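Enquirer: Listed below, chain by chain, are the residues.
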Amino acid sequence: MEGRIHSLETFGLVDGPGVRYVVFMQGCRMRCQYCHNPETWDMEKGTLWTPEALFERAYRYKPYWMRSGKLNGGITVSGGEPLLQIDFLTEFFKLAKAKDVHTTVDTSGNPFTMEEPFISKFNELMEVTDLFMLDLKEINNEKHKELTQWTNTNILEMAKYLSDHGKHMWIRHVLVPGLTDDEEGLNELNSFIKELKTVDRVEILPYHTLGEVKWDELNIPYPLEGVRIPTDDEIKKAEQLLDIHENK
Amino acid sequence: MTNFEEWNGFEGRIWKDEVNVRDFIQKNYHPYDGDESFLADPTDATNKLWGKLQELQKAEREKGGVLDCETKVVSSLTSYGPGYIDESMKDLEQIVGLQTDKPLKRAFMPYGGIRMAEQAAESYGYEIDPELKYVFENYMTTHNDAVFAAYTDEMKLARKTHIVTGLPDTYGRGRIVGDYRRIALYGIDYLIEAKQHDKDNCGCGNMYDDVIRLREEISMQINALKGIKEMAKIYGYDISKPAKTAKEACQWLYFGYLAAIKTQNGAAMSVGRVSTFLDIYFERDLANGVITETEAQEIIDHMTMKFRMVKFARIPSYNQLFSGDPTWATLEVGGIGMDGRHMVTKNDYRFLHTLENMGPSPEPNLTVLYSSALPEQFKKYASFISITTSSIQYENDDVMKPVWGDDYSICCCVSATQTGKEIQFFGARANLGKTLLYAFNGGFDEKHRIQCGPKMDRITKDVLSGEEDFQMVKEKYEFWLDWCADIYVNVLNLIHYMHDKYYYEAAEMALIDTDLRRTFATGIAGFSHVIDSLSAIRYAKVNVIRDAEGITEDFKVEGDFPKYGNDDDRADEIGVWLLKTFVEKVRRRHTYRDAEPTTSLLTITSNVVYGEATGAMPNGRPAFTPFSPGASPSYGAEQNGLVASLNSVAKIPYHWSLDGISNTQTINPDALGHNIDEQKGNLAQVLDGYFDQGAHHLNVNVFTKDKLLDAQAHPEKEEYANFTVRVSGYAVKFINLTKKQQDDVIARTCHGTL
Numbered sequence: 001m002e003g004r005i006h007s008l009e010t011f012g013l014v015d016g017p018g019v020r021y022v023v024f025m026q027g028c029r030m031r032c033q034y035c036h037n038p039e040t041w042d043m044e045k046g047t048l049w050t051p052e053a054l055f056e057r058a059y060r061y062k063p064y065w066m067r068s069g070k071l072n073g074g075i076t077v078s079g080g081e082p083l084l085q086i087d088f089l090t091e092f093f094k095l096a097k098a099k100d101v102h103t104t105v106d107t108s109g110n111p112f113t114m115e116e117p118f119i120s121k122f123n124e125l126m127e128v129t130d131l132f133m134l135d136l137k138e139i140n141n142e143k144h145k146e147l148t149q150w151t152n153t154n155i156l157e158m159a160k161y162l163s164d165h166g167k168h169m170w171i172r173h174v175l176v177p178g179l180t181d182d183e184e185g186l187n188e189l190n191s192f193i194k195e196l197k198t199v200d201r202v203e204i205l206p207y208h209t210l211g212e213v214k215w216d217e218l219n220i221p222y223p224l225e226g227v228r229i230p231t232d233d234e235i236k237k238a239e240q241l242l243d244i245h246e247n248k
Numbered sequence: 001m002t003n004f005e006e007w008n009g010f011e012g013r014i015w016k017d018e019v020n021v022r023d024f025i026q027k028n029y030h031p032y033d034g035d036e037s038f039l040a041d042p043t044d045a046t047n048k049l050w051g052k053l054q055e056l057q058k059a060e061r062e063k064g065g066v067l068d069c070e071t072k073v074v075s076s077l078t079s080y081g082p083g084y085i086d087e088s089m090k091d092l093e094q095i096v097g098l099q100t101d102k103p104l105k106r107a108f109m110p111y112g113g114i115r116m117a118e119q120a121a122e123s124y125g126y127e128i129d130p131e132l133k134y135v136f137e138n139y140m141t142t143h144n145d146a147v148f149a150a151y152t153d154e155m156k157l158a159r160k161t162h163i164v165t166g167l168p169d170t171y172g173r174g175r176i177v178g179d180y181r182r183i184a185l186y187g188i189d190y191l192i193e194a195k196q197h198d199k200d201n202c203g204c205g206n207m208y209d210d211v212i213r214l215r216e217e218i219s220m221q222i223n224a225l226k227g228i229k230e231m232a233k234i235y236g237y238d239i240s241k242p243a244k245t246a247k248e249a250c251q252w253l254y255f256g257y258l259a260a261i262k263t264q265n266g267a268a269m270s271v272g273r274v275s276t277f278l279d280i281y282f283e284r285d286l287a288n289g290v291i292t293e294t295e296a297q298e299i300i301d302h303m304t305m306k307f308r309m310v311k312f313a314r315i316p317s318y319n320q321l322f323s324g325d326p327t328w329a330t331l332e333v334g335g336i337g338m339d340g341r342h343m344v345t346k347n348d349y350r351f352l353h354t355l356e357n358m359g360p361s362p363e364p365n366l367t368v369l370y371s372s373a374l375p376e377q378f379k380k381y382a383s384f385i386s387i388t389t390s391s392i393q394y395e396n397d398d399v400m401k402p403v404w405g406d407d408y409s410i411c412c413c414v415s416a417t418q419t420g421k422e423i424q425f426f427g428a429r430a431n432l433g434k435t436l437l438y439a440f441n442g443g444f445d446e447k448h449r450i451q452c453g454p455k456m457d458r459i460t461k462d463v464l465s466g467e468e469d470f471q472m473v474k475e476k477y478e479f480w481l482d483w484c485a486d487i488y489v490n491v492l493n494l495i496h497y498m499h500d501k502y503y504y505e506a507a508e509m510a511l512i513d514t515d516l517r518r519t520f521a522t523g524i525a526g527f528s529h530v531i532d533s534l535s536a537i538r539y540a541k542v543n544v545i546r547d548a549e550g551i552t553e554d555f556k557v558e559g560d561f562p563k564y565g566n567d568d569d570r571a572d573e574i575g576v577w578l579l580k581t582f583v584e585k586v587r588r589r590h591t592y593r594d595a596e597p598t599t600s601l602l603t604i605t606s607n608v609v610y611g612e613a614t615g616a617m618p619n620g621r622p623a624f625t626p627f628s629p630g631a632s633p634s635y636g637a638e639q640n641g642l643v644a645s646l647n648s649v650a651k652i653p654y655h656w657s658l659d660g661i662s663n664t665q666t667i668n669p670d671a672l673g674h675n676i677d678e679q680k681g682n683l684a685q686v687l688d689g690y691f692d693q694g695a696h697h698l699n700v701n702v703f704t705k706d707k708l709l710d711a712q713a714h715p716e717k718e719e720y721a722n723f724t725v726r727v728s729g730y731a732v733k734f735i736n737l738t739k740k741q742q743d744d745v746i747a748r749t750c751h752g753t754l
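One line per chain: the protein sequences are H and P, in this order. Residue 1 is where the first sequence starts when you use the numbering used here, and the numbers rise one by one after that. Residue 1 is where the second sequence starts when you use the numbering used here, and the numbers rise one by one after that.
Just so you know, these hints were derived from the structure itself, not from any lab. Computed from a predicted structure; not experimentally measured. In this text, a Cβ means the ideal position worked out from N, Cα and C, and glycines have one as well. Please note: incorrect hints may appear among the correct ones.
As the list claims (entries may be wrong) - Pairs of lysine-lysine residues, derived as BS3-like cross-links and limited to a Cα-Cα distance of at most 27 Å, are as follows:
| id | chain 1 | residue 1 | chain 2 | residue 2 |
| --- | --- | --- | --- | --- |
| 1 | H | Lys214 | P | Lys651 |
| 2 | H | Lys70 | P | Lys105 |
| 3 | P | Lys401 | H | Lys70 |
| 4 | P | Lys651 | H | Lys62 |
| 5 | H | Lys62 | P | Lys401 |
| 6 | H | Lys99 | P | Lys651 |
| 7 | H | Lys70 | P | Lys380 |
| 8 | H | Lys214 | P | Lys707 |
Stated by the list, open to error - Anything over 10 Å on all C-beta distances counts as not near chain H; from chain P, calculated:
| id | residue |
| --- | --- |
| 9 | Asp486 |
| 10 | Thr514 |
| 11 | Asp688 |
| 12 | Asp692 |
Claimed, not checked - With the Cβ distance kept under 8 Å, some of the chain P side facing chain H (calculated, not the full set):
| id | residue |
| --- | --- |
| 13 | Gly641 |
| 14 | Asn647 |
| 15 | Asn668 |
| 16 | Pro669 |
| 17 | Leu672 |
| 18 | Asn675 |
| 19 | Ile676 |
| 20 | Asn682 |
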């Protein structure tokens with residue numbers, strides 16, 4: 001079995017708890033207007049790795065995952081969309097759990113479905129995943145479709161499913177001025193999150209324009225041309241609406 | 001048993017009967033597990049004196065880098081009356097003593113070479129006294145005269161082509177750390193007695209050359225001790241007896257260091273491991289109510305201010321090698337004792353705190369002897385100081401302690417030496433990058449267009465690719481490594497023979513055991529480029545482009561290949577092979593005074609000069625461009641982030657490179673975490689991970705590339721006056737670097753752009 005990997009980062013400090021070895025998978029079906037990694041969309045590109053080889057590589061960084069004798073770090077698989085390569089992901093995480101490495105999936109939830117064979121595979125993945133970082137990009141289904149070209153029904157369903165199964169998660173929301181920062185939407189998002197039982201942390205990711213140059217390189221017109229980054233006040237306001245006080 | 005009343009309250013016996021500072025420390029120090037909240041702010045006196053010193057430093061910069069320069073007085077222990085930062089504020093100075101009569105004035109030190117002393121003065125717009133010049137030219141032999149009188153033609157040629165370069169034949173070798181603590185603990189008279197005893201027991205009466213030499217050296221040491229006592233008297237202090245208080249201990253110790261920097265302008269003039277030692281005096285005074293914490297901090301601030309003022313007149317070629325006016329007044333904090341107790345004391349916090357009280361500074365070269373077993377509070381405080389000042393470096397106590405014990409000092413930028421027990425013969429470094437080109441060109445120098453060394457077959461293939469070609473190049477390269485090691489060791493033998501004879505460090509040696517151990521510190525430049533070059537041949541396709549004379553002019557690489565700095569064993573193992581091979585070739589040879597050969601992977605800023613002397617290399621490195629410094633990976637080679645790069649360097653076994661493996665990394669503050677609390681915890685965690693794997697050294701810079709670019713464009717901005725960056729093994733004020741070296745620092749990878 002092989003997985004398509006876009007790139008590897010040995011030193012991630014904002015992609016899960018502690019110091020993370022981050023695997024960026026290749027391939028995503030969503031077309032988020034603010035995507036800052038459009039080069040990971042293509043399903044055919046990337047480098048092929050076996051789960052064993054990838055784990056051998058990641059495990060070299062174990063010395064950096066400890067703080068004061070306690071675990072404070074591990075492996076995060078991001079993307080692209082990791083759930084598109086769920087078989088590979090599960091195999092990879094099985095190897096990690098065999099060595100007591102903390103595992104995190106950073107996902108949009110887009111491939112999630114209650115249908116077979118996916119849901120059985122997902123159940124298997126849950127067993128070897130310590131933390132899900134789930135992007136809730138937009139609570140309003142219409143707006144979500146406009147933003148990403150996909151609906152959010154199955155994504156919200158996944159959040160509930162994780163909650164029902166006691167799986168820990170972080171919810172993340174990208175804040176784009178004029179697009180995903182309306183009060184009504186954020187209130188609704190907050191109500192939704194409140195119903196979930198296993199959310200450890202909610203994060204606002206302020207929109208940034210560093211990805212724009214990559215769209216240019218791929219010769220794709222950038223849909224958010226001219227959209228500014230949020231101000232500190234706007235971020236603070238959004239944090240209040242999502243009831244974020246002090247993230248642990 | 002000797003007993004002084006000044007020793008009241010101190011425990012132990014061995015150290016009283018013999019000169020043994022380590023025993024004194026172990027019997028008396030108190031590990032401190034708390035945090036930094038006890039630290040005191042600067043006093044008014046500190047602010048006034050530091051304010052004055054900053055004015056002087058500004059005036060120095062405005063005058064082109066030198067405020068004043070001596071031309072008439074040859075520097076000695078007693079050649080000047082007392083000097084102060086400011087005559088009108090001299091009563092504010094808790095610790096006194098200047099190299100000359102005025103602050104930041106550079107002394108005239110001609111024993112290393114009269115021509116160099118003259119050149120240095122000239123380059124700053126001063127002319128040395130013609131009579132002195134005449135005396136030195138006609139009646140004296142300097143170190144430099146003697147070395148050049150004895151060099152062979154081949155040695156001169158190798159020096160000219162820069163296959164060996166940066167040699168201490170035009171400047172003092174430095175790297176010898178007197179155990180300055182001895183003066184504080186014992187007083188000068190006790191030390192003179194001990195040396196006299198050694199002299200009485202030196203030899204059995206048969207005058208072989210080693211006995212004669214040693215007897216003469218001890219007698220020079222005794223004279224130096226007497227001279228140090230006289231020097232202290234000029235400032236109104238009698239240091240014949242041990243120090244009574246913490247303030248006296250600092251002052252006595254500083255006089256020892258001052259003696260060294262008045263008599264030697266060595267490349268590195270380290271202070272040594274003084275922090276924990278001095279803490280014992282501070283603890284005694286604090287317990288007895290003799291001083292307050294504010295006073296304790298003031299004494300350390302003022303002593304540190306003196307270390308920030310050390311100056312030497314250097315020749316232009318020296319400044320190119322070691323840019324930014326460094327003196328390597330290296331001073332250590334932290335570490336763990338042989339008995340397992342950590343050696344962090346309140347005084348270690350005080351020294352780090354000077355960077356807050358008086359702002360960032362390149363000197364003293366503050367070094368944290370690191371172990372993941374150090375107290376968490378201390379690790380976090382050190383990380384905090386790194387993040388806010390980029391002024392400190394870290395060295396792995398866990399790998400050094402088994403070799404050097406728990407009382408070693410850092411004698412240069414990163415090299416360890418047992419305090420008071422040994423000295424190092426500094427050897428600059430051999431250019432192993434150029435040596436690889438000699439293998440291609442049969443010893444014809446690609447830059448100077450002359451044959452250097454034996455005329456051997458050249459490599460004639462136009463395309464090199466695969467295992468067979470790799471082995472062929474490697475075999476030729478090994479021959480040239482052997483040749484290079486041979487000429488290098490012999491050049492160093494000659495230099496150190498002459499240095500001992502004509503520029504002996506009597507004041508420093510007087511504070512080191514008579515029966516001492518010597519190491520022979522060779523070094524390697526071009527490390528990463530050789531690895532990547534051999535890897536390109538083995539794993540990709542290298543097209544050799546030659547000029548009309550058949551000499552390599554450029555190399556074009558087709559295809560990707562493993563590069564050092566990515567935690568790729570295929571590349572990294574070539575590095576380990578290169579190191580071991582070279583060290584074995586050095587070890588085969590006879591060394592002066594049977595010194596034990598060691599090797600370093602550290603280049604200081606000389607990576608720029610070495611690179612400029614070296615043609616294009618098979619990894620695609622363009623001709624005459626800077627090497628990457630020390631053991632750091634090549635520019636742009638790191639593609640897998642910070643810790644992959646750290647892992648590559650961590651694979652180099654320290655016991656094969658005992659003189660040090662220097663690594664410099666720059667981290668974007670945002671990539672370390674969202675706020676300072678997260679950042680300092682994360683940095684300490686990375687340091688734990690790196691050093692737990694057996695890595696030796698790390699320079700940590702925390703700033704953005706934009707800040708460097710802005711500082712280069714606007715050096716006049718107030719905020720950049722003290723902007724300090726770590727380079728290979730030391731720190732410099734960024735605005736004091738040459739333009740080329742600024743560009744070099746900017747070009748290095750900044751990890752963590754999101």
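Enquirer: For the hint on Ile676(P), does the least C-beta distance to chain H fall short of 8 Å?
Expert: violated (14 Å)
Enquirer: Does the claim that Asp486(P) lies outside the interface with chain H hold up, using a Cβ gap greater than 10 Å?
Expert: holds (38 Å)
Enquirer: Against chain H, run the beta carbon of Leu672(P) and see if the smallest gap drops under 8 Å.
Expert: holds (6 Å)
Enquirer: Does the closest beta carbon of chain H sit nearer than 8 Å to the beta carbon of Asn682(P)?
Expert: At 6 Å from the nearest chain H Cβ, Asn682(P) passes the 8 Å test, so the hint holds.
Enquirer: Take a quick look at Asp688(P) and tell me if its Cβ sits farther than 10 Å from every Cβ on chain H, holds or violated.
Expert: violated (7 Å)
Enquirer: Taking the least C-beta to C-beta distance, is Asn647(P) closer than 8 Å to chain H?
Expert: At 6 Å from the nearest chain H Cβ, Asn647(P) passes the 8 Å test, so the hint holds.
Enquirer: For Lys70(H) and Lys380(P), compute the direct alpha-carbon distance and say whether it is at most 27 Å.
Expert: Roughly 16 Å separates the two Cα atoms, so the pair holds.
Enquirer: Grab the minimum C-beta distance from Asn668(P) to chain H and call the hint holds if it beats 8 Å, violated otherwise.
Expert: Nearest chain H Cβ about 11 Å off; hint violated.
Enquirer: For Asp692(P), is the shortest beta carbon distance to chain H beyond 10 Å?
Expert: With a cut-off of 10 Å, Asp692(P) comes too close to chain H, as the shortest Cβ separation is near 5 Å.
Enquirer: Does Thr514(P) clear chain H by more than 10 Å, comparing its Cβ with all Cβ atoms of that chain?
Expert: holds (43 Å)
Enquirer: What's the verdict on Lys651(P) and Lys62(H), does the C-alpha distance respect the 27 Å limit or exceed it?
Expert: holds (15 Å)
Enquirer: Sort out whether Lys651(P) lies within 27 Å of Lys214(H), counting only the CA atoms.
Expert: violated (35 Å)
Checked against the numbered hints above, the structure breaks hints 1, 2, 11, 12, 15, 16, 18, 19 and satisfies the rest.
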